[in-house]
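**Student:** Whenever a hint applies, use it, and build me the whole structure from the sequences.
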Amino acid sequence: MDLRPVDTTLLFIQILNGVQLGLLLFLVASGLTLVFGILDFVNLAHGSIYMLGAFICASLTFLVGNFLIAVLLAVPITGVIGYLIERVLIRHLYARSHLDHVLATFGLILVIDTTVQIIWGPAGISVPLPDWLNGQTELFTGVIVPTFRLIIIAAGLVVAAGLFWLVNYTRLGMLIRAGASNSTMVSALGVDIKTLFSLVFALGAMLAGLAGMLISPITEASINMGGEVIITAFVVIIIGGIGSMKGAFVAAILVGLIDTLGRSFLDDVFALFMSQNAAETAAPAISAMLIYILMAVILALRPQGLFPPKVR
Amino acid sequence: MLKISGLTTHYGSSQALFGVELEFGTGQVATLLGRNGMGKTTTIHSILGITPPSGGSITFDGVELVGMPSFRIANLGIGLVPEGRQIFPNLSLRENLIATASNHLGLPDPWTVEKVYELFPELATRERSMGNLLSGGEQQMLAIGRALMTNPRLLILDEATEGLAPLVRQKIWAALNRIKGQDMSILVVDKNLSDLLKIADHNFIIERGKVVWRGSSDELRKDRDALQRYLGV
Numbered sequence: 001m002d003l004r005p006v007d008t009t010l011l012f013i014q015i016l017n018g019v020q021l022g023l024l025l026f027l028v029a030s031g032l033t034l035v036f037g038i039l040d041f042v043n044l045a046h047g048s049i050y051m052l053g054a055f056i057c058a059s060l061t062f063l064v065g066n067f068l069i070a071v072l073l074a075v076p077i078t079g080v081i082g083y084l085i086e087r088v089l090i091r092h093l094y095a096r097s098h099l100d101h102v103l104a105t106f107g108l109i110l111v112i113d114t115t116v117q118i119i120w121g122p123a124g125i126s127v128p129l130p131d132w133l134n135g136q137t138e139l140f141t142g143v144i145v146p147t148f149r150l151i152i153i154a155a156g157l158v159v160a161a162g163l164f165w166l167v168n169y170t171r172l173g174m175l176i177r178a179g180a181s182n183s184t185m186v187s188a189l190g191v192d193i194k195t196l197f198s199l200v201f202a203l204g205a206m207l208a209g210l211a212g213m214l215i216s217p218i219t220e221a222s223i224n225m226g227g228e229v230i231i232t233a234f235v236v237i238i239i240g241g242i243g244s245m246k247g248a249f250v251a252a253i254l255v256g257l258i259d260t261l262g263r264s265f266l267d268d269v270f271a272l273f274m275s276q277n278a279a280e281t282a283a284p285a286i287s288a289m290l291i292y293i294l295m296a297v298i299l300a301l302r303p304q305g306l307f308p309p310k311v312r
Numbered sequence: 001m002l003k004i005s006g007l008t009t010h011y012g013s014s015q016a017l018f019g020v021e022l023e024f025g026t027g028q029v030a031t032l033l034g035r036n037g038m039g040k041t042t043t044i045h046s047i048l049g050i051t052p053p054s055g056g057s058i059t060f061d062g063v064e065l066v067g068m069p070s071f072r073i074a075n076l077g078i079g080l081v082p083e084g085r086q087i088f089p090n091l092s093l094r095e096n097l098i099a100t101a102s103n104h105l106g107l108p109d110p111w112t113v114e115k116v117y118e119l120f121p122e123l124a125t126r127e128r129s130m131g132n133l134l135s136g137g138e139q140q141m142l143a144i145g146r147a148l149m150t151n152p153r154l155l156i157l158d159e160a161t162e163g164l165a166p167l168v169r170q171k172i173w174a175a176l177n178r179i180k181g182q183d184m185s186i187l188v189v190d191k192n193l194s195d196l197l198k199i200a201d202h203n204f205i206i207e208r209g210k211v212v213w214r215g216s217s218d219e220l221r222k223d224r225d226a227l228q229r230y231l232g233v
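From first to last, the protein sequence lines stand for chains A and B.
Using the numbering used here, read the first sequence as starting at 1 and increasing by one per residue.
Using the numbering used here, read the second sequence as starting at 1 and increasing by one per residue.
Treat the hints loosely; a few may be bogus.
Derived contacts from chain A toward chain B, CB cut-off under 10 Å, selection only [said to hold, decoys possible]:
{"no.": "1", "residue": "Pro122"}
{"no.": "2", "residue": "Met174"}
{"no.": "3", "residue": "Leu175"}
{"no.": "4", "residue": "Arg177"}
{"no.": "5", "residue": "Thr184"}
{"no.": "6", "residue": "Met185"}
{"no.": "7", "residue": "Lys194"}
{"no.": "8", "residue": "Leu199"}
Selected chain A positions facing chain B (Cβ under 8 Å, derived; list incomplete) [unchecked claim]:
{"no.": "9", "residue": "Arg171"}
{"no.": "10", "residue": "Ala178"}
{"no.": "11", "residue": "Ser181"}
{"no.": "12", "residue": "Asn182"}
{"no.": "13", "residue": "Val186"}
{"no.": "14", "residue": "Gly190"}
{"no.": "15", "residue": "Pro309"}
{"no.": "16", "residue": "Lys310"}
It is worth saying that the hints were derived from the structure and are not from the lab.
By construction, the Cβ of each residue, glycine as well, lies at the ideal position given by its N, Cα and C atoms.
**Tutor:** So, in structure tokens, the structure goes:
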């Protein structure tokens, strides 16, 4: 058998790319799993908030002339938008069925997408980075990666750590967990559960918006970016166990790695046991399906996902 | 303290309460007696706004509770120990105590985790255990502690000792004896009549959504007819 030597540098860079994609997915999925797990609400429009965050950040970048300041301003703006969406629309739907949630938030997708198109136009906006973020960093000899990807990884890890701290070690986190298991009782013990739910929704919106902002300098802010991310985010929370922050993190990294490595190396793996020609034909098709295959396998073995939260 | 008049409550189209009348004063212990399904829990859920009443009036120190959201009612100083304990399973024992702790009335010398542990020493050794891993007795003590941590002036217990071993029951009654009086009123539902009557000032028997008998513990002990007819003892 003809084994090609594995290009370790390429493998390392692709692992880094996979982790970066995973952390971005975690930002989107963490908000989704909070809202689905705690509020029992299916929010299809979560991806539209991700997209909205990217556009707001793009405009602010041109306005204030600095991407980082734009992100710092755009995150709270996205949170306020999320809060308002919850107050005006979402909270009236909690008592309804999941199908009604899907219908209403599908409508919300159309409203947000159209609004974005009216304000920013149909074309995507590329977001410029400051020079010091735009370069390359040599991690160690021969391994050179874009600096901004390292920033995304660092930001993702910091936010993940902050979320773990919030959920596990603060009063607010305790109330969020208590509210997930028994919101009636939380309310009967004197906590304004509706406001708590609004805050959770706003937090989810901020996280999704931040993910959109971080990806926009790489891809550009575009109207269809929300639709692309939302399906993958649902795959992540289903694999991780709906409502579990730890599950969302592990599953997001897993999905990010499998997706990225599958696209880069699956043809090489296939070439081990089929002709080069067949491998190159099959690999792209299979690699696009890999995360769904993973989801199917995990659902078959653990129907509640990897880390089902114990709430009842 | 608490005055209920003409209280009616519906579940959808079926009526559960038909004009409940009930009243007791500050520092008193009142009981709500009656067979299963007669409206005891519905009355409690109506007071707390968990099942909003359809008519009548509930005043707590003169403040009308009907129409108020649940959390505002609780923040007026009503602490609930619910039927089935309803401990948060995914929070540790200590987290169960502090998650919803508050002192909205600004009571001097408020309840703390340490004071709850002093009342129920069993809890101190289990403070890191998750709620779902606690025994029934521990959960009941925790539910009482959790309600006390909201610093209420009225403690409502729905089934105070249901399903607990006799020794644990005695601990619960002893604790309730310690916390009653002065500024703390108690409204309690339970099936252990003899224990209940020892602690109670006023007793209310509820039958098919109405209060059909009221009186002191001595009066109830003597009223063989009421005991037989409404409580089957």
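**Student:** Against chain B, is methionine 174 of chain A within 10 Å by beta-carbon distance?
**Tutor:** Constraint on methionine 174 of chain A satisfied, holds at 4 Å.
**Student:** So, as I understand it, the hint says leucine 175 of chain A touches chain B; can you test that by seeing if any CB pair is closer than 10 Å?
**Tutor:** Cβ of leucine 175 of chain A sits 5 Å from chain B, so the hint holds.
**Student:** Mind checking the CB of alanine 178 of chain A against every CB in chain B and telling me if the closest is under 8 Å?
**Tutor:** 4 Å, holds
**Student:** Restraint: valine 186 of chain A near chain B, CB-CB cut 8 Å. Satisfied or not?
**Tutor:** 6 Å, holds
**Student:** Does the closest beta carbon of chain B sit nearer than 8 Å to the beta carbon of lysine 310 of chain A?
**Tutor:** 5 Å, holds
**Student:** Please check whether glycine 190 of chain A passes as an interface residue: C-beta within 8 Å of a C-beta belonging to chain B.
**Tutor:** Holds, about 4 Å.
**Student:** So, as I understand it, the hint says lysine 194 of chain A touches chain B; can you test that by seeing if any CB pair is closer than 10 Å?
**Tutor:** Holds - the Cβ of lysine 194 of chain A comes within 10 Å of chain B, reaching about 8 Å at its closest.
**Student:** Next item in the hint list is methionine 185 of chain A. Is there a CB on chain B closer than 10 Å to its CB?
**Tutor:** Interface hint status for methionine 185 of chain A: holds (5 Å vs cutoff 10 Å).
**Student:** Given asparagine 182 of chain A as an interface hint, is the shortest Cβ-Cβ distance to chain B below 8 Å?
**Tutor:** 6 Å, holds
**Student:** Interface hint check: arginine 171 of chain A, Cβ to nearest Cβ on chain B, cutoff 8 Å. Holds or violated?
**Tutor:** At about 7 Å, which falls below the 8 Å cut-off, the nearest Cβ of chain B leaves the hint on arginine 171 of chain A intact, so it holds.
**Student:** Taking the closest Cβ pair, is proline 309 of chain A under 8 Å from chain B?
**Tutor:** 6 Å, holds
**Student:** Next item in the hint list is threonine 184 of chain A. Is there a CB on chain B closer than 10 Å to its CB?
**Tutor:** 6 Å, holds
In the structure shown, a violation is registered for the earlier hints numbered 1, 8, in ascending order.
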